[in-house]
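Single-letter residue listing:
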Amino acid sequence: MKDNIMLGQYIPSDSVLHRLDPRTKLLSMLTFTICSLLLNNYGGYAIASVFVGSQLLLSRVPLRNLLRGLKPVVLILSFTFVYHLFFTPGTPLWPGSAFKVTEAGIEKGLFVVWRILLLVSLASLLTLTTKPLDLAKALEQLLKPLSRWGVPVEAIALMLVIAVRFIPAIIQEVDRIMLAQRARGYDIIAIKGHKRVFAYLSLVVPLLITTVQRAEQLAMTIDARAYGTGRGRTSYRELRLSRMDYTAGGVTLAYVLLLLYLYLNMTIALD
Amino acid sequence: MKTKELVYAALFAALIAVLGMIPPLPLGFIPVPVTAQTLGVMLAGCFLGRRMGTLSLVVFIILIALGLPVLTGGRGGLALLVGPSSGYIFSWLVAAGFIGWCSEKIWRRVRIWKLIAVNLIFGVLLVNLIGAPVMALITDTPVWTGLIGALAFLPGDMIKAVIAAVITMQLKEISPIEDQAGV
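Chains as they are written, first to last, in the numbering used here: chain A, 1 to 271; chain B, 1001 to 1183.
Take the hints with a grain of salt, since some may be wrong.
Computed, partial: chain B to chain A, Cβ under 10 Å [as the list claims (entries may be wrong)]:
#	residue
1	1068
2	1071
3	1164
Calculated from the model, a selection of chain B residues having no Cβ within reach of chain A, i.e. all distances over 10 Å [claimed, not checked]:
#	residue
4	1012
5	1050
6	1090
7	1111
8	1116
9	1128
10	1147
11	1152
12	1153
13	1154
FYI, nobody ran anything at the bench for these hints, they're computed from the structure. In this text, all values refer to a predicted model and were calculated from it rather than measured experimentally. For each residue, glycine too, the CB sits at the ideal point set by N, CA and C.
The following block holds chain B by itself, in its conformation from the complex (with noise of 0.2 Å):
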């Protein structure tokens, strides 16, 4: 593995960490606040691709382990791996893992438009598929109740997905992307 690779994932979970501290938006509609917490999962994705991705999210999990206070609010530790949240933790692995394999792949015809499907259907859908049934199996109540306690959490997602693909088209030439295309 290249020392950059390494360089790269290690700062953009340290990264991560720093965007679960911003302060959180309030929409008026719904009771959860916008955090910029996922918004740094589906960038890792975006704009690392697949690999330094993955690895970045690797490491932010396991400094969540470590008990930094690291995830919105300040919170950290096993318990949270342990508890009934973890299966949304352990979702933005796999996350950021598909949203960089489908950003590389359609590096060379990006549009912004397709950015933002992709951090849908992964950085959204897929989070919420993997979270809601982990939730319900921990504390054993059926999918649906965790189903539907996560459309509140769809609006400011959907958001965050848009300024996702917005930030990588503003910053594609400086991604690590670009280097591996060769372009």
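If we strip away everything but chain A, and leave its shape as in the complex, we get (with noise of 0.2 Å):
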């Protein structure tokens, strides 16, 4: 299976994106996210594909990659946009043919479609050019604040940490469990039809076992090299803001203030 899973979806470059805190990046994209939700008219639409797209020429990654990270939203999108087609109230563009079109509906599919493409055209280039560690550094300390309503936030940082440095140990009990199975004459992928059913507890169970044994003895190790409750912990690695974080979060407020004015400039006209 995969080796390097470390790495996420990350792509290696020098470029502007890559080089800010991952904090500023992951603030800006939730904030453009939630006002993504507002957009209803051909000029925040325009503004919104201007940030996202100056966003991806700014990244320099590779196109094909971009366009992988929209492959899981392409069937849903299509049904989507077909729905609206036919769906939506309105005059028809061809009255009495059977395909009943409304110049509404394009509207609308169209509408729907393309804010889901800015959404996670925005989402897939933050791990395409941020670390998945750096961003668990990121998440900690933006909700450092949460400590002070009881939230476990070292915690949850340890959490995080254990998962993906055991995700390839995992792997390997898979392959060496598959592996075992199949000397003794048990392929479980050359199973067919119910007994494969079957065939996966033969796997799940022996690794389950696994899992829970190399719990018990890391939840020793950590409690033996005095960890406690994580408060109070130092960092190997710390984040810094620099000049050109102010300056990414300055663009992107402008252009989420525009968004706003935009949208209350139609609601007003609308009233």
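Since each chain sits alone in its own frame, please combine them into the complex, following the hints.
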């Protein structure tokens, strides 16, 4: 199975987006995502598209990887567009035809698909330009104020690191179990039909047992090293904001305010 | 929070990720293959209980957000948490919590049919009842279209509910719930 899971979808490069602090990128993406839900006119969509498009260019990420990120949603988007085409009330473009396509339907479908593409593209860009553990670090920092309300932020950070670290180990365990089963004349992949269902059992049961054993050992090890509750821990790697981060934050804020302005304008005009 | 709880939740999140990589099982009569990922979600609830099960799904969802390719087919990234399928992913969190809660409730008088029932109600029905409306909301289509699409996943999900119950019964002795029950 995979060997490079630690890198996630990260693509090494030296672009501006790669060098930004992950906190800046995460907050910008979330803010933009929330504002995108308010898009309701061509002006807003145009501005949002300019924003996302310029980010894509700045990142210098190959187009192939961006398109791969969109592949999972193509099927759903196609269905959505076709649905709106046929079922939105309005004036048919070709009266009397079997296809009741309406002008409003085309516009509605276009808007919905467009918005989802914007959201998915920007989110893909974040994961393409940021390493997973850097993003984990950013999440931990941003969630730190929640410690005041009892959210165990340090515990969540530790769980993330353990999970990332042990995915390759458990993958090796799966390979080892499959190999051992095959050596005993029981090839899981070769089994057909309903017997494959019970083949899952002979794989998952030992996998679960070894995971439980590993958990017990790891918990004891962590306690023996006096980790405690995680509060007051120091960090091997620190995040640092640069002037570029403030510039990027400002640009995102400007775009968001512009979108809000257009949205309010449209809302007032409709009253 | 105890260290053991943290470690169990983290390792189970990793386990759910790895289960997503196991080759899917094609059923001949429906177009979608059966993946082992939701089996991991049901196991997290059945085997770990409410608290650790929910925590492991929280960690798993954060792993998706970080961009790790932990979903079936090597997918991951924040795109999936803001896209049409996000409702299903977040419903796993709710499902694991409810399955774990019921599992703890029935643990002293546990029977395999009870576990199957719990997995079917929360692991199959609840997941679709949360996922379909969210997909409908994001794509601006009626809920019934999403529910009809979800029918294709029902046979595979039912099989996984049974498998999860069987596995939990087999490994009942080493479950963390057993530790809590003080048996």
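Quick rundown of the hints versus the structure:
Interface restraint check: residue 1068 of chain B against chain A, minimum CB-CB distance 5 Å, threshold 10 Å, status holds. Interface hint status for residue 1071 of chain B: upheld, as the beta-carbon distance to the closest one in chain A is roughly 9 Å, under 10 Å. Satisfaction of the interface hint for residue 1164 of chain B is found here, the shortest Cβ-Cβ separation to chain A being roughly 9 Å, below the 10 Å cut-off. Look at residue 1012 of chain B: its CB is around 7 Å from the nearest CB on chain A, not clear of 10 Å, so calling it non-interface is violated.
With a least beta-carbon separation of about 16 Å from chain A, residue 1050 of chain B lies farther than 10 Å from that chain, consistent with its non-interface assignment. The beta carbon of residue 1090 of chain B is kept farther than 10 Å from every beta carbon of chain A, the shortest such distance being approximately 15 Å. Distance check on residue 1111 of chain B: its Cβ is at least 19 Å (rounded) from any Cβ of chain A, clearing the 10 Å threshold; non-interface status holds. Every CB of chain A is more than 10 Å from the CB of residue 1116 of chain B (nearest about 14 Å), matching its label as outside the interface.
The beta carbon of residue 1128 of chain B sits about 15 Å from the closest Cβ of chain A, which is more than 10 Å, so the claim that it is off the interface holds. Once the 10 Å rule is applied to beta carbons, residue 1147 of chain B is consistent with being away from chain A; the minimum gap is 14 Å. Look at residue 1152 of chain B: its CB is around 12 Å from the nearest CB on chain A, clear of 10 Å, so calling it non-interface holds up. Even its closest Cβ contact with chain A, about 14 Å, leaves residue 1153 of chain B beyond 10 Å, as expected for a residue assigned away from the interface.
Separation of residue 1154 of chain B from chain A is adequate, the least Cβ-Cβ distance of about 15 Å exceeding the 10 Å criterion.
Violation of the numbered hints given earlier is confined to hint 4; every other hint is satisfied by the structure.
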